[in-house]
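Using the hints provided, position chain Z with the ligands relative to the given structure of chain F.
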Amino acid sequence: MTSRPARPSEGSAALFSELWRITSFRLTALYGGLFALAVVCLFALIYWQTARYQNQQVDQILRNQAHVFSSATSDQLDDDIAYEIARDIRHISFFGVFAADGRPLAGNLARVPHELVLNGKPQALPVERNADLFAQALEIRALGQTLDNGNVLVVARDVAVLEQIRQSLLRGCFLIAAVILLLGVLGGVFYSLPAVRHIRGIDRAAQRIADGDYSQRLPLGLRNRELDVLAQIVNAMLDETERLMGEVKTASDNIAHDLRTPLTRLRASIYRTQQSLEDSSPHHAALNHALTQTDLLLARFRALSRISEIESKRRRAGFSPTPLQPILRKLVGLYEPLANQGEVRLTLGAGADAIVDCDGELLFEAIGNLLDNAIKFTPAGGVIRVELDIDETGPVISVADSGPGIPSDLRKSVLQRFYRADEARNVPGSGLGLSLVDAIVRLHGFDFVLDEASEGGVRARILCRQQRPTQ
Amino acid sequence: MNATTSAYSGRILVIEDDDSTAEEIVAELTSHAFQVDRAGTGNEGLALALSSGYDVITLDRMLPDIDGLNVVGALRARNIQTPVLMISALSDVDERVRGLRAGGDDYLTKPFASDEMAARVEVLLRRHAQAAEPTQLRARGLLLDRVAHNAFYGDLDLDLKPTEYQLLEFLMRNSGQTLTRTMIFEAVWGYHFDPGTNLIEVHIAGLRKKLEQAGCPPLIQTVRGSGYQFGPA
Ligand SMILES: Nc1ncnc2c1ncn2[C@@H]1O[C@H](COP(=O)(O)OP(=O)(O)OP(=O)(O)O)[C@@H](O)[C@H]1O
Ligand SMILES: [Mg+2]
Chain F
1 MTSRPARPSE
11 GSAALFSELW
21 RITSFRLTAL
31 YGGLFALAVV
41 CLFALIYWQT
51 ARYQNQQVDQ
61 ILRNQAHVFS
71 SATSDQLDDD
81 IAYEIARDIR
91 HISFFGVFAA
101 DGRPLAGNLA
111 RVPHELVLNG
121 KPQALPVERN
131 ADLFAQALEI
141 RALGQTLDNG
151 NVLVVARDVA
161 VLEQIRQSLL
171 RGCFLIAAVI
181 LLLGVLGGVF
191 YSLPAVRHIR
201 GIDRAAQRIA
211 DGDYSQRLPL
221 GLRNRELDVL
231 AQIVNAMLDE
241 TERLMGEVKT
251 ASDNIAHDLR
261 TPLTRLRASI
271 YRTQQSLEDS
281 SPHHAALNHA
291 LTQTDLLLAR
301 FRALSRISEI
311 ESKRRRAGFS
321 PTPLQPILRK
331 LVGLYEPLAN
341 QGEVRLTLGA
351 GADAIVDCDG
361 ELLFEAIGNL
371 LDNAIKFTPA
381 GGVIRVELDI
391 DETGPVISVA
401 DSGPGIPSDL
411 RKSVLQRFYR
421 ADEARNVPGS
431 GLGLSLVDAI
441 VRLHGFDFVL
451 DEASEGGVRA
461 RILCRQQRPT
471 Q
Chain Z
1 MNATTSAYSG
11 RILVIEDDDS
21 TAEEIVAELT
31 SHAFQVDRAG
41 TGNEGLALAL
51 SSGYDVITLD
61 RMLPDIDGLN
71 VVGALRARNI
81 QTPVLMISAL
91 SDVDERVRGL
101 RAGGDDYLTK
111 PFASDEMAAR
121 VEVLLRRHAQ
131 AAEPTQLRAR
141 GLLLDRVAHN
151 AFYGDLDLDL
161 KPTEYQLLEF
171 LMRNSGQTLT
181 RTMIFEAVWG
191 YHFDPGTNLI
201 EVHIAGLRKK
211 LEQAGCPPLI
221 QTVRGSGYQF
231 GPA
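Protein chains in written order, with this note's numbering: chain F, 1 to 471; chain Z, 1 to 233.
By construction, these hints were calculated from the structure, which means they are not laboratory data.
With a cut-off of at most 30 Å between alpha-carbon atoms, the simulated DSS-like pairs for lysine-lysine come out as follows:
{"no.": "1", "chain 1": "F", "residue 1": "Lys376", "chain 2": "Z", "residue 2": "Lys161"}
{"no.": "2", "chain 1": "Z", "residue 1": "Lys210", "chain 2": "F", "residue 2": "Lys330"}
{"no.": "3", "chain 1": "F", "residue 1": "Lys376", "chain 2": "Z", "residue 2": "Lys209"}
{"no.": "4", "chain 1": "F", "residue 1": "Lys330", "chain 2": "Z", "residue 2": "Lys161"}
If we strip away everything but chain Z, and leave its shape as in the complex, we get:
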């Protein structure tokens, strides 16, 4: 497994006033083959975001000149829909809600693991790139029916429970990307606390078992130290 294998390279704008955090973000994203620009203030960031098209913006919530919330607000007011990952030292649940309500697409609290940050950027990028959501997802004979909320391997009905379906859908939609346990927990269950290691693992194990019983090849990989990834090994 290598961090630079990402197939979705793109242009990223990092708006962050703290130098060491910015360096960390830029280094990590560059290692994922992204082209990265950095802005140190809100105004500078806003100007850059307005002048050239970026695929994703990472935005510090606390900037010296303007509040991060206002930066997103200004972008959205000018109908710029570039996905924004808000990064903040404020971990309060209410803060997250405010960030997302202002127009942010995802929220990460400091300090964060840089691989998790990169994973979230990739998911945002992918979501943004998919113009229309397909009603079916396919991989190696596995078919996810997003209308019937079920999956089939060949003709075999996997008979997924609602949670299992949501889990598989999240994995397949972001196929080829590393998804951390927290990201999975947030996407499938909608909660933002630390689910612990085992909890998500047993759900993945259950899903793997269902796929295996249907004769499906192993499609859910464990990414050491990070999380999981859907796709052929």
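Only chain F is shown next, with the shape it has when bound in the complex:
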């Protein structure tokens, strides 16, 4: 089990950043934003068109009125203006007739508005410069023209309605844009949450595969078609990898199995030859050597078969609740003479006992292999500490030594069959011990961790998780 990178699963900010990595969320959010922008543009267009149309209407009215007034006689003009003012119940029309010196002659305007160009064309008037004339008006369009008699005619109209239209358009525009954005984000979240969950599932499965569990497959989601296509491709690759690895393993297991019988025969004939020799025969040494080598080979093949036997074991038939301390005591008793021979001190830490559902015989064998390694690799004068602790995950069996240790980058490799570190060349062994330990630990659903002991050497731990693994 390797340490995992911190997963951003807590906090809404973290969730958002995780959502942001999902394409569908980004797309929905982007579409929402674009749509809102389009709505704003549409509203702007509507406003612009309405304003233009409104202005054209107003300008036409102004031109018409100016035409009517300018073609009337002086007496008629006063009456016409009075009539128009009376008719204008909304108080949006302003009229004025002024003498050439600016004196008002008729109408409801006190003076000629500032900045009005007397060219007979409708124009916008700056309201703020003429506040005294058009008290509450927001926007004024006006037309001024010099009459034939030298008088000045001014027709003006409050186009407040335009401003009202603009404001309600603006308000509507903001409201709708906000609703669209909100819907976009909500929709994005709605569509992307399953994807987030799916990706987390993929992440977990990928971690387990990276940890060496090749039976894991990436989960398929419900809606994420693109992810599913990818996951299916990866799963197919994993199927193939698992099949190939299985084939390689089966092939090597078969070789180991098939070679055992002829090797046993070979050993038997060497043995018989040796037995038939006179005690004083000079060939004893050579035959002994041959016998030892054959035994080594046989032991190696036996170990290989044993590992694959344990790996393929699905049943938990030999499992029963087993106290661990007696196993450890027995182990220390078994290995103590070997440790003494290597001038290494082997100690068993005093601690509480723990009962674990396990195959006691296999667990004994696994810890025995750890002790064998510790004794083998720890130089004279060193110490080996066997301990049983209980932590949150359950009982932990640890074997720590003061030997050279295993560099952290090799801690995964040493679990492979036949792997031996370069430094181990001078120490007898075939590199199968830890593979066997790993197989036994896996069968139990426990965890096997190699790290550094406080004494400087290897600390090998078996974490006996109590909950039953799902098999």
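Just chain Z with the ligands now, with coordinates in the frame of chain F:
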């Protein structure tokens, strides 16, 4: 050291369907001065075992007609207590347990070293021949007290640790017989995996040292290529 020096000859029934394995077993046991009969099927073996008294039976677990487990079961059901050495290609620990539970007395997985097979047969034979377990075992002034779980040389208390006592007891009970490392490991520690060469050797060395310190003559011999044997050289 010679393979034919065994003092305990007896009648052995080999129930084994594979010809080459059977030949190997028969040859090895014959060379140990046993009188050997062979049966190729379970029924034939059962009939032979029921009709004439054998001292030990070696029984293949996988026979063409009946399962080896049922053969032992049938024997035990007829109250025939002949020791049975089960031989099987199934090395799974559970298989061993099943074999022993069905009434087998020992279990050996294929492929096996024939000397180990013979050694196991001899141990079974010896165990069966000893009608009552004596409370004391003696050899050359060495006395094993099976009540006090200790040993003495002359008046000298050897002060054996429990494992040392069990080891010496196993050796002395099977005095004169070759005992392989695996057999010792199984008998003294009760486990069935490969203990490696050194592990048992250091325990033997420790026991030898204790005996030697007490002035006892060397009684534990190393059998080249096989294991150990208790008895005068
Ligand atoms: N306690 C340890 N101290 C230092 N190195 C170790 C220790 N345990 C294992 N190793 C390294 O890991 C390698 C693999 O160990 P493993 O037990 O699988 O094989 P081995 O002990 O060399 O052979 P085998 O166990 O088959 O007799 C060793 O060769 C060694 O390099
Ligand atoms: Mg090892």
